[in-house]
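S.K.: Construct all of the structure, not just a fragment, from the sequences and the given hints.
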Amino acid sequence: MNIIARLACVLVICASVDAAADEFAQATPGAPAIPSWWSISLGGGGASDGYDRDVMADAALMTAISAQNGPHIITARYTYLGNWRDDGDIALLYERAFSQRRWLVSAGFGLGVRHATTGHYLAYDKSSGSSSDGSLGLAWTIQAATRKHANLGLGVIAYGSVNSDVTLLGMGLVLHVGQFERAERAGGGRR
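In our numbering, the protein residues as written are 23 to 213.
Derived by calculation from the structure, the hints in this document are not laboratory data. Note that beta-carbon positions come from the ideal geometry of N, C-alpha and C, so glycine has one too. Some hints could be false.
Stated by the list, open to error - Cβ pair distances, simulated, as ranges:
hint: 1; residue 1: Leu176; residue 2: Ala89; range: 15 to 21 Å
hint: 2; residue 1: His94; residue 2: Asp187; range: 28 to 34 Å
hint: 3; residue 1: Arg124; residue 2: Ile62; range: 19 to 25 Å
M.R.: Written out as structure tokens, the structure reads:
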């Protein structure tokens, strides 16, 4: 979990520096009414019951769709960890953008439902007394992605969920594709 704390600290520092000069202005004419985008992330991750080896030993995949209004972002996501149980979650999150001028730096929390493969079947309910399959948990995300292009962003993301039994963690590169919110400069140009 130290890696999560370090990544969060770096992102908060970056957000603070950029957010000090970044004001959320009115959208420019021609910008979408509700900016939205698809995200996909590939990287590494793991589940807390598998931390006896390298925490980031498993493949991690995250896909999401997000909609933004000013600094407020609503995200629906699906995560998958390629461990021996194929863990992951399906979550709905509220994110807050700390910066959106050249970079989108955001953090958020929400509710997620853990999924895992039991045999060859997805389990969305508790199949035994000790199982955490299907349990509700606190989902979270921290990301920083470029906003230099109108329809394409690339960055880094850390995400996961915590429930009563298992903590899921994934990190990787993230690609955003869609229509991003634009802000006007004081002089009338695009940022």
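S.K.: Does each hint hold? Answer for all of them.
M.R.: So, going through the hints one by one against the coordinates:
The beta-carbon spacing between Leu176 and Ala89, approximately 20 Å, falls within the hinted interval of 15 to 21 Å. One distance hint, 28 to 34 Å for the beta-carbon pair His94 and Asp187, holds here, with the actual separation near 32 Å. The hint said 19 to 25 Å for the Cβ distance between Arg124 and Ile62, and at roughly 22 Å that hint holds.
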